[in-house]
Amino acid sequence: MTSLHRQFAVGASHLFLQRKRNPPVGARPGTLVPAPDSPPPVIRLMRYDADHLEERTIEDVGEIAGILERGEGVSWIDVQGFGDEATLERLREIFDLHPLAIEDAINTPQRPKAEIYENFYLYITRMVRLGEHREICSEQVSIFLGKSYVLTLQEQYGDVFDPVRKRIRQSEGMIRKRGADYLAYAIIDAVLDGYYPVIEMLGDRLHELEEAILERPSPAGMRRIHTIRHELLALRRAVWPQREAVNTLMREESDLVSPIVRQYLRDCYDHAVQASDTIETFRELAASLMDLYLSSLSQRTNEVMKVLTIMASIFIPLTFLAGIYGMNFDYMPALHIWWAYPALLVVMFLIAMGMVVFFRLKGWIGRS
Amino acid sequence: MTSLHRQFAVGASHLFLQRKRNPPVGARPGTLVPAPDSPPPVIRLMRYDADHLEERTIEDVGEIAGILERGEGVSWIDVQGFGDEATLERLREIFDLHPLAIEDAINTPQRPKAEIYENFYLYITRMVRLGEHREICSEQVSIFLGKSYVLTLQEQYGDVFDPVRKRIRQSEGMIRKRGADYLAYAIIDAVLDGYYPVIEMLGDRLHELEEAILERPSPAGMRRIHTIRHELLALRRAVWPQREAVNTLMREESDLVSPIVRQYLRDCYDHAVQASDTIETFRELAASLMDLYLSSLSQRTNEVMKVLTIMASIFIPLTFLAGIYGMNFDYMPALHIWWAYPALLVVMFLIAMGMVVFFRLKGWIGRS
Amino acid sequence: MTSLHRQFAVGASHLFLQRKRNPPVGARPGTLVPAPDSPPPVIRLMRYDADHLEERTIEDVGEIAGILERGEGVSWIDVQGFGDEATLERLREIFDLHPLAIEDAINTPQRPKAEIYENFYLYITRMVRLGEHREICSEQVSIFLGKSYVLTLQEQYGDVFDPVRKRIRQSEGMIRKRGADYLAYAIIDAVLDGYYPVIEMLGDRLHELEEAILERPSPAGMRRIHTIRHELLALRRAVWPQREAVNTLMREESDLVSPIVRQYLRDCYDHAVQASDTIETFRELAASLMDLYLSSLSQRTNEVMKVLTIMASIFIPLTFLAGIYGMNFDYMPALHIWWAYPALLVVMFLIAMGMVVFFRLKGWIGRS
Amino acid sequence: MTSLHRQFAVGASHLFLQRKRNPPVGARPGTLVPAPDSPPPVIRLMRYDADHLEERTIEDVGEIAGILERGEGVSWIDVQGFGDEATLERLREIFDLHPLAIEDAINTPQRPKAEIYENFYLYITRMVRLGEHREICSEQVSIFLGKSYVLTLQEQYGDVFDPVRKRIRQSEGMIRKRGADYLAYAIIDAVLDGYYPVIEMLGDRLHELEEAILERPSPAGMRRIHTIRHELLALRRAVWPQREAVNTLMREESDLVSPIVRQYLRDCYDHAVQASDTIETFRELAASLMDLYLSSLSQRTNEVMKVLTIMASIFIPLTFLAGIYGMNFDYMPALHIWWAYPALLVVMFLIAMGMVVFFRLKGWIGRS
Amino acid sequence: MTSLHRQFAVGASHLFLQRKRNPPVGARPGTLVPAPDSPPPVIRLMRYDADHLEERTIEDVGEIAGILERGEGVSWIDVQGFGDEATLERLREIFDLHPLAIEDAINTPQRPKAEIYENFYLYITRMVRLGEHREICSEQVSIFLGKSYVLTLQEQYGDVFDPVRKRIRQSEGMIRKRGADYLAYAIIDAVLDGYYPVIEMLGDRLHELEEAILERPSPAGMRRIHTIRHELLALRRAVWPQREAVNTLMREESDLVSPIVRQYLRDCYDHAVQASDTIETFRELAASLMDLYLSSLSQRTNEVMKVLTIMASIFIPLTFLAGIYGMNFDYMPALHIWWAYPALLVVMFLIAMGMVVFFRLKGWIGRS
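Going down the list, the protein sequences come from chains A, B, C, D and E.
Each residue of the first sequence is one higher than the one before, counting from 1 in the numbering used here.
Each residue of the second sequence is one higher than the one before, counting from 1 in the numbering used here.
Each residue of the third sequence is one higher than the one before, counting from 1 in the numbering used here.
Each residue of the fourth sequence is one higher than the one before, counting from 1 in the numbering used here.
Each residue of the fifth sequence is one higher than the one before, counting from 1 in the numbering used here.
FYI, nobody ran anything at the bench for these hints, they're computed from the structure.
Check each hint, because a few of them may be wrong.
Since the list can't tell identical chains apart, any single copy or any two copies may satisfy a pair.
[Stated by the list, open to error] Cross-link-like lysine-lysine pairs, in silico, DSBU-like; alpha carbons within 35 Å at most: (1) Lys166 x Lys147; (2) Lys166 x Lys362; (3) Lys166 x Lys113; (4) Lys113 x Lys147; (5) Lys362 x Lys113; (6) Lys177 x Lys362; (7) Lys362 x Lys147.
Go ahead and model the full structure; you've got the sequences and the hints to work with.
Structure representation (structure tokens):
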């Protein structure tokens, strides 16, 4: 039960995570309100072109301004942890981010979306992955795409971007020959790829549940269906708007995203559609499982009732007969006839057999 | 139970509040029909530009005409209470409001909407907040946006605009440097921000209910689910049309709303979408909880039936046997054999054990 | 029960009223087939301009041609009752109505719609009002709008237009200063206003039902939910297409409807949307009530079962024990020990107490 | 039960009739595969203009070519029965039909649709009517509309076009003065008019069912609801695409359909919309009836349980008491006190009364 | 039960087959990841024009380049089995396929879609057919359409294209006279035709289930409904996107698909719509069957309860009476009256009859 509860709690936390932290009263829009438990920011830089690769952790935010000015190559600045407001404010200045844009990135959670600003694109997405205990972890990632940089922001440590990093480190990889837009695509694709293991895990659970319910419907099964529905709802809320967001990026006429990368984004779009299709199918399957469960339960109650009814219907009349001849009337002639007792036993046996035949005919005995 | 009933009543009043007060028979359109329990109007003025701030209560409506004529700065005239028709009529004249516009503002409730008139915009919205007992209070606010003024009208005292007022009072705030359109945006944003605590409260209640039902399904739980559904329906009706209304403001080509403020309105739009998304998710969750509740109930009925069936199936046959040997026939040989009594007891014990084994095999005893 | 049945029957008649009367076989389209129970036509004229008002009943249909020719002012010809085909045919000729248009008006019921013909507009709507016993009465009204006239046709006597007539009689009313299009608007508005009392009545009934079911679920409650759903379905069918119909009038570029009246029609549109919103909400509420009802019923069955199980589980074993010592074996040593009887009573008491404690632990006694 | 089964089977055959007969393997598209049970074709000609009418059965298909060449007037060639492939092939040649068009007409069933070919329009529709036993019969009718002819094809004998034929026979009818497009309209209209009696019949059955379930829910009622749902599904599938099909005809800019006939087609469109509206409403009503049925059943089970619980709760404790004093202990002092027996009877009576009062308080006795 | 389980498992495997095989970590997009159990590729060539036909198996992939260069005629290269990556890579080079295109074809499963590349079209579809045990087999087929070739790729051996091959072999067939676009159409059409037998099989199963449930609702029936729902979900996911995909092909302005073939594709579109319509109808029918099943179950539980209640209500009071006169009080005057015993029997008989009459009046006996 405990593991069930943990699972359940995870589902719940997912769903209720859309808990907006309001800026302090009187604050102007654009006020940054990072989560109180967000760790101190760690900033990692990957800077590359076809021939060179620079990868390191940045200690002083101010450095970034210099890097951006140098101009050549693509820079990926990856910021994890919002625990220091000064750093965030500094980032806003260096990249010249619109107050609403940085607010959307910091004041999580936001609905996934793509927004087009004058000097950059903002793509807000929700990353999911399986945690240590196969629970679903979910976090908002904000991707700022500029001419020669990609800036990613997330609240907690840990991401699903290692495949992207490995591809950058391979000097012969296509990613090294392309611009910041291709990097942004690779990151978005990695986020969407991260949904598949989660969806598969839910599919496996549904499959196990299906077999468990076919075998024996239990209250625990019911709760697990509810938990899965819960989690599917949360996933759907995360995936659905990403279709629209990728579409916005694809459609926008702009210099920031090249036509070639737009073709790759179409692939992302297909993945988002496929993921939400699968989630919808699982939702319908879960609903069908619920019906199956309820009907199995009704079926079992029906069977319990049949056993009770058969037992009671056979023995209650017999007990009544025994009660009759247990009465103490002075004048009960049958009591004094020697064959009355065995005769009564035979009658009782015939009544019992009659009831059994009756129930067989009704199909309550001997057939399922 | 009483607190439940109060809660419930609140939900109901919300839902049924769309009770249109028809103008008296024979009245032309544009007739004002304020609610009979509306208190006398209190008019507050905030008038500001980057350097000055004037904040006071206006006793004589006529004064406003003079203020509007002076021209410079932004004036926020906030009218609460419709208890005096003469005042309302006077306001209509001063601001030169279209009869249908003022009718929509006074004859509450209306569906949230934005309407474009020649000399002003009318934005009708529904403000919600948590009352003293954490019940949901809801009220219509009508926002008239003109060149240099914002006029807000509401039926009862009390609002969610204090953050806006505080920002105006801070001389360095951005709001002081911008026009009436930004003020209107700030007010609309404050209304939408007001939905979050209410939605969160419902989320918390759903979460508690979920745990309560997992622990022990009770009729009170069922009623609470119904109440929450009720309230979610009411919230949905309030939020949904606001998406469309904000959209109308954003799209309209006009001098009254500057491009910069339109970008801010996009943020409002996102908030409205996020709020309605969350409400939809809660509605599905509530439906799933209902299923969980019903299945728990079926499960429990099933268990009750099992206990009954087991008790009855074990003891009814035994009682019958005891009844047999309680009969008063003269010729019952078994009665006179000394080991018959202990033998019968043993037989009875074996029958009882047989039934227990049978029920164990069926899984009714010893497994959940 | 009788009042329930009457109510129910009303709901049913509403729903099935879409019973098309086919023209006799072989008839060409445009054949008029008035309802057989339609009373003889009564024709009322209101003819007015800003200064004059003429109001009377027209006995001879031919008169109308003359009135229309006179040209000045606005004429409202209100025809109630289709009991005389010659009159209807004469009307068609005088107003030069397209065969399909007059057919739609006479061969009720039609789906509400607006149709644009060359020389007139046809607006078909469905009027509802509460009858004497607070049952819902519904009837089709067809509004023909020409340059200087409005022709309204309905099958039975009785309408919701008295407020419009009163406004016409007031010489200072706005309606007197405007054209036929404003009159048509006023009539359409009166029809839509007529939905509010009906919707409110259903809202009140839902509210009562809600409280009744919270108190005690009864089969009558179930039937009343069904009846309300029935009526909401009928109302929805009537309101929904009116949105589209008003929209058609608003959008159509034409001389017949002036821009000012189009603004007023926008208000009608809002009312139609608000009405259908409320109906949808009520439908969802009714569905939620159904769930509440069913769960209450399950809860009650569960409670009944518990009482039975507790009674049976306590007394069946005790009765068995009593049965044991009621047997007539010669050798039952316990029967002859003086303390056996009280001891047995004590044992029985302990068993009963044990069962009570068991059921308390299971939560079946002493908690709800 | 038999009539129910027949009814049911009819519903099923309807639904599963979308059983596509595939052309033999290796056949090119355009291969004709008429139903094996289709009778030999009967070809009827109606050829008319304002003054003349020729009506006869055509024995030799080749004749038609000559008729078409003559040019003047409108020819309606009505082919019923596909039992002879040579005839069909000949028709294809004479009318110069596209292979896909004739394939759609012959290889029934197809989804209703309108298709625009170069030299003709193809309108595929589904005709329904009530059979002898008031069962629903349904068949595909394909209407080819050319410049001066209408060709209708259907698989079995029997149609709903007699009203159209009668109108053609009346020399003064409008249909005689108009072209082939008006004839096609008249046929489409007759098909749509044919839905009304069927819909009405289902409405009547729903109404009867409603009353039957209010009176006494029976398993037969449940099956009848299922059958009606079945039939409504089939009707919906037939009507829904006809809206789109009529719309295609109305929208298409072409010489084949004159503007006047387009106005008449708008009327057809309204009828199709009205029919599908009614079907949707009936579907919702049937779903509500299902709920009503299930809740009635639960209610009845609840009542049965109450009777059992009341009987058992009153008599089981009393029987136990009787059992106590039926024991054979030597030392049972109460047995020898003369007033013990009447006292016990009084106690038993009091206990029984106590239980009755308890159940009255719980509302199980004396209230519904 | 075993056949049921196999059936069920098949349904499940269908649904969960959307299990994406991710490329190895660090791989660039375009990495091919064929299923590990895919057999070695078998490549078949059909090359034809109106006069010639060449049909053979290709052993060496390199050969294809030469064939394509020769230019005249249409070549169909059919690749089944992805078990050799080198072959796949070689194919990519020969046909100059975009990395994303070949990735979509190899890394199954993908959602059905049509994609327009510069030098070819990619049409991904899902082929279904009935296996040996009438289970549903499903596989992805990717169709590349170039100027003079069609390349089809699928993971496992076996397809539904034999009718197409037969038509190519017939020298007089239309397919021999047309280009590669017509061949692609014929293949797409064959895939869609393959859905009909599967849909029909499900329709037959639903029909059988319907009759089985009307006869006797069993838990196996419930599971079969669930399985069918499962399979319908899977089919829907496969068919639905094909409508969109065919539409993309039809709409695209391009040289690759001629206008004549576009007309044929319209026919494919109609088939896809018809198939998804039927699937939707079956889904609703399955839902209605579920209701029917549950209500039958409730009905049966109700009947079981009635039998129990009737038996218990008749005999429990009688047993109590017998218990009374079985007590051993010294002073029970009735015991010594000679007519008391027969009188009691008469009273018991009357009570039993009274109960029977009571239950008849309630309709529990003698009516269903």
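Hint by hint, here is what the structure shows:
no., hint, result
1, Lys166 x Lys147, "within (23 Å within a copy, 39 Å between copies)"
2, Lys166 x Lys362, "neither (70 Å within a copy, 57 Å between copies)"
3, Lys166 x Lys113, "both (27 Å within a copy, 31 Å between copies)"
4, Lys113 x Lys147, "both (20 Å within a copy, 33 Å between copies)"
5, Lys362 x Lys113, "neither (62 Å within a copy, 51 Å between copies)"
6, Lys177 x Lys362, "neither (78 Å within a copy, 68 Å between copies)"
7, Lys362 x Lys147, "neither (80 Å within a copy, 68 Å between copies)"
In this structure, the hints that do not hold are numbers 2, 5, 6 and 7, in rising order.
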